[in-house]
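S.K.: These protein sequence lines are chains X and F, in that order. Just so we're aligned, residue 1 is where the first sequence starts under UniProt numbering, counting upward by one. Just so we're aligned, residue 1 is where the second sequence starts under UniProt numbering, counting upward by one.
Worth flagging that the hints you see were computed from the coordinates, not collected in a lab. Wrong hints could be hidden among the right ones.
One copy or two, either will do: identical chains are not told apart, so a pair holds if it fits within one copy or between any two.
In the DMTMM-like style, the derived pairs of lysine to aspartate or glutamate whose C-alpha atoms are separated by at most 25 angstroms in a straight line are [as the list claims (entries may be wrong)]:
(1) Lys168 with Glu187
(2) Lys168 with Asp139
(3) Lys43 with Glu245
(4) Lys246 with Asp183
(5) Lys268 with Asp257
Spelled out from the first residue to the last, the chains are:
Protein chains: 2
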Amino acid sequence: MAEKDWKDCIRSLKGVVLDMCGVLYDSGEGGGVTIDGSVEAVKRIKASDLKLRFCTNETQATREQFVAELRRNGFDISVHEVFCPAPAAVAILKERDLRPHLLVHHDVVPEFDSVEKSNPNCVVIGDAADNFSYKNLNDAFRVLIGLEKPVLFSLGRGRYYKEADGLKLDVGVYMKALEYACDIEAEVVGKPAQTFFQSVLTDMGIEPQQTLMIGDDLVNDVGGAQSCGMLGLQVRTGKYRPSDEKHPTVKANGYVDNLAEAVDIILKYRAHSPFLRAWWKAQS
Amino acid sequence: MAEKDWKDCIRSLKGVVLDMCGVLYDSGEGGGVTIDGSVEAVKRIKASDLKLRFCTNETQATREQFVAELRRNGFDISVHEVFCPAPAAVAILKERDLRPHLLVHHDVVPEFDSVEKSNPNCVVIGDAADNFSYKNLNDAFRVLIGLEKPVLFSLGRGRYYKEADGLKLDVGVYMKALEYACDIEAEVVGKPAQTFFQSVLTDMGIEPQQTLMIGDDLVNDVGGAQSCGMLGLQVRTGKYRPSDEKHPTVKANGYVDNLAEAVDIILKYRAHSPFLRAWWKAQS
Chain X
1 MAEKDWKDCI RSLKGVVLDM CGVLYDSGEG GGVTIDGSVE AVKRIKASDL
51 KLRFCTNETQ ATREQFVAEL RRNGFDISVH EVFCPAPAAV AILKERDLRP
101 HLLVHHDVVP EFDSVEKSNP NCVVIGDAAD NFSYKNLNDA FRVLIGLEKP
151 VLFSLGRGRY YKEADGLKLD VGVYMKALEY ACDIEAEVVG KPAQTFFQSV
201 LTDMGIEPQQ TLMIGDDLVN DVGGAQSCGM LGLQVRTGKY RPSDEKHPTV
251 KANGYVDNLA EAVDIILKYR AHSPFLRAWW KAQS
Chain F
1 MAEKDWKDCI RSLKGVVLDM CGVLYDSGEG GGVTIDGSVE AVKRIKASDL
51 KLRFCTNETQ ATREQFVAEL RRNGFDISVH EVFCPAPAAV AILKERDLRP
101 HLLVHHDVVP EFDSVEKSNP NCVVIGDAAD NFSYKNLNDA FRVLIGLEKP
151 VLFSLGRGRY YKEADGLKLD VGVYMKALEY ACDIEAEVVG KPAQTFFQSV
201 LTDMGIEPQQ TLMIGDDLVN DVGGAQSCGM LGLQVRTGKY RPSDEKHPTV
251 KANGYVDNLA EAVDIILKYR AHSPFLRAWW KAQS
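The following block holds chain X by itself, in its conformation from the complex (with noise of 0.2 angstroms):
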């Protein structure tokens, strides 16, 4: 199915939701390294009549944790405008009453201290990295299989990303392993599930149709995205592959070089907008 090409649809929008890594910076040590142009890019939405959100599958610190190091390297970002899978994970686990036994990379520990995680009945995997030793899966698929219905959720299912020394699995693969082990489906909080988009529009009380989703990944940005009804644009940075511009099921509605000329296309095309044309000619 062709899709919608996104510059038609640039005048209704009402805002706007940024993936992170691979459209603000490239990760790495220390926060990685920032994209060019991403950190004015930032501060001309903000300076627009667009909503802006910002929607991440990170799960190797807190929130806190997370912003801060953005902050330093000169994002203008603020906690609540970031939208991660451990605090959505938290909210369900109250919601459905459910203790959790852990499975993630020490640093986002902390965001779960609020949850009882005694005599778990369920599981919550992230992106534990080198906490995913064998003892370590064994000790989750244990809980889960001495369960009379087994619960896992995994905050993202992303099969691999690229750090400085090179490409590291990611929390997707040790879900399928799970998944296969105890022959069950996982819930997946995070991108690209339509729960997780849907509580950012909600946060920004405007319609998917009203919204633009910038992101690196095809399938968790672009792709989950539009099935909330949201444009997905595509950027050739971070994880970007040309061959996503010719993938078999997801179309992006738009490709664009970097999150830079993404702006410089939604600003100048928002500036043709009746209501700027008639500011305009009152000002002349």
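Let chain X serve as the given structure and place chain F on it in line with the hints.
M.R.: For chain F alone, coordinates are given in the frame of chain X:
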């Protein structure tokens, strides 16, 4: 589909194939614990006119080590009678001129001594247990994703097995992980692969319909053997669970409490064969 009753086929049998763990013994330290009557049962089949082979997905030791352990526990078993995935994988690697990156148990590495391993162009995973660290799985992933056409061999596809201290994740779980990470399908060496059962039949020089597989694993032993045209009998020892007898897709040709009972029935039914009846008559 209703499966044939194995008892109706006993007279035309020419050979028996035995799974090992869960049929001969329960795994654990020092070769595990022998299942009552199984040492004697093996002796009785060997003393009959039936051919006998052993077929296991054991990949935590070389075949030599493994058979030596069983002999110490009283089993009359020789190395050449035992079919394991690692030697089968070595044969495939040599035939296809492949150089493996190994992610296997330390103790099975010597099986691959005769295989060139520099500059790998495929990955072989076995039940590596504690060797399934994040780093080791990531290293295997990087080899695969760096190949133009990734080739992954998995020594079995089991989900988990039981040891003295509880359930342990098996190789199939990590096979699924790498399959998802690289978007590929692994080639399974060992049960339930048809080629593996076929190599046992070829060695015995008999037809599948003349052969009875006896195992505790409904899917890999019984279902695998049946898919080759062999008869499949499940023992109620090892990983057997009562729910196996109501499995939605795999139905054994019969169920027995243990190997000793299976051998009793086989020898009793064969004692009524025309040949033996004639022999008895001549003796009396």
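S.K.: Indicate, hint by hint, whether the structure satisfies it.
M.R.: Hints versus structure:
no. : hint               : verdict
1   : Lys168 with Glu187 : both (22 angstroms within a copy, 23 angstroms between copies)
2   : Lys168 with Asp139 : both (22 angstroms within a copy, 9 angstroms between copies)
3   : Lys43 with Glu245  : neither (29 angstroms within a copy, 65 angstroms between copies)
4   : Lys246 with Asp183 : between (33 angstroms within a copy, 16 angstroms between copies)
5   : Lys268 with Asp257 : within (16 angstroms within a copy, 78 angstroms between copies)
When the structure is compared with the earlier hints, a violation turns up for hint 3 alone.
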